[in-house]
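Asker: Sequence:
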Amino acid sequence: MASLSTGVPYALTNAYTGTVKFLAIPSDSGAPQMVASSDAALPASAQWFLTATDVDPFYYLHTVATGEGKALDVINDNGTSSVRLHLVGTGRFTGQYWRFDPWSASGGEYRLSNNFTGPDRHLDVYSDTLEPHLASGDYSGQHWTL
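Residue numbering for the sequence shown follows full-length UniProt numbering, starting at 1 and increasing by one per position.
Hint data in this document are derived by calculation from the structure and do not stem from the laboratory. One should not assume that every hint holds.
[Said to hold, decoys possible] Only pairs whose alpha carbons sit at most 25 Å apart, straight line, appear in this in silico SDA-like list of lysine to any residue:
hint, residue 1, residue 2
1, Lys21, Val88
2, Lys21, His133
3, Lys21, Gly91
4, Lys21, Ile75
5, Lys21, Ala31
6, Lys21, Thr66
7, Lys21, Glu131
8, Lys21, Arg92
9, Lys21, Ala65
10, Lys70, Thr51
11, Lys21, Asp128
12, Lys70, Leu146
13, Lys70, Arg111
14, Lys21, Gly107
15, Lys70, Gln47
Since the model is a prediction, treat every value here as computed from it, not as a measurement.
All chains should be built: construct the whole structure from the sequences, respecting the hints.
Answerer: Here it is, written out as C-alpha cells:
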C-alpha cells in the first residue's frame, strides 16, 4: 500500500495519456474526464486530494473545486462488474473507498481500485475516447502517477 498524504493536492496522470492530460471533473455533470492543461497551474477541477475513510487502507478522492462534500464513486449499474464513475455527495459507500497500490517495487505508478468492485478492477481510460472507467488487466491507462 502506498504512503499518501491527505489534504495535499495531487494531479493524476496515467502512462497512456502521458503528462499532458489530467483526470478532472470539468463540468457540473460529475463525469470524470481526461483534460489537457497548458496552464502552469492546474484548474481546481483537476486537483485531487484524499481524506481518510473508516476502512484502512482506503481513501475518499475529492477535487479541490468541490471539496470534501463530493467524492469519486462507482455508478452501480451492474453490481461489482460496474465500470462507470461519477462525482457525488460523499458518504459511506464502498464505491467511494479508493486504494492506491504500487504497480512495482520501484514505485512511481499506482493502480487505483475501490472497495466496491474489488482489487482487480482498476481506474483506466478508454483508448479512443479517454473516458475514465474501471477495467481489469494491466494496461498503460491503469498506471497512474500522482
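Asker: Now tell me if each hint is right for this structure.
Answerer: Verification of the hints:
At roughly 22 Å between alpha-carbon atoms, Lys21 and Val88 fall within 25 Å of each other, so this suggested pair holds. For the suggested pair Lys21 and His133, the alpha carbons sit about 15 Å apart, so the restraint of at most 25 Å is met. Under the criterion of a C-alpha separation no larger than 25 Å, the hint pairing Lys21 with Gly91 is inconsistent with the structure, at around 28 Å. With a CA separation close to 23 Å, the supplied pair Lys21 and Ile75 stays within the 25 Å bound.
A hinted pair counts as satisfied when its Cα atoms are at most 25 Å apart, and Lys21 with Ala31 qualifies at roughly 16 Å. A hinted pair counts as satisfied when its Cα atoms are at most 25 Å apart, and Lys21 with Thr66 qualifies at roughly 20 Å. At roughly 12 Å between alpha-carbon atoms, Lys21 and Glu131 fall within 25 Å of each other, so this suggested pair holds. Among the hinted pairs, Lys21 with Arg92 is inconsistent with the structure: their alpha-carbon atoms are about 30 Å apart, more than 25 Å.
Distance hint between Lys21 and Ala65 is fulfilled; the C-alpha atoms sit about 18 Å from each other, no more than 25 Å. Our distance criterion of 25 Å between C-alpha atoms is met by Lys70 and Thr51, whose separation comes to about 11 Å. A hinted pair counts as satisfied when its Cα atoms are at most 25 Å apart, and Lys21 with Asp128 qualifies at roughly 14 Å. At most 25 Å may separate the alpha-carbon atoms for a hinted pair to count; Lys70 and Leu146 meet this at roughly 20 Å.
Distance restraint check for Lys70 and Arg111: the Cα-Cα separation of roughly 22 Å lies within the 25 Å cut-off, and the hinted pair is therefore satisfied. Distance check on the hinted pair: Lys21 and Gly107 sit about 21 Å apart at the alpha-carbon level, within 25 Å; holds. For the hint linking Lys70 to Gln47, the alpha-carbon distance of about 13 Å falls within 25 Å, and the restraint holds.
In terms of the numbered hints stated before, the structure departs from hints 3 and 8, listed from lowest to highest.
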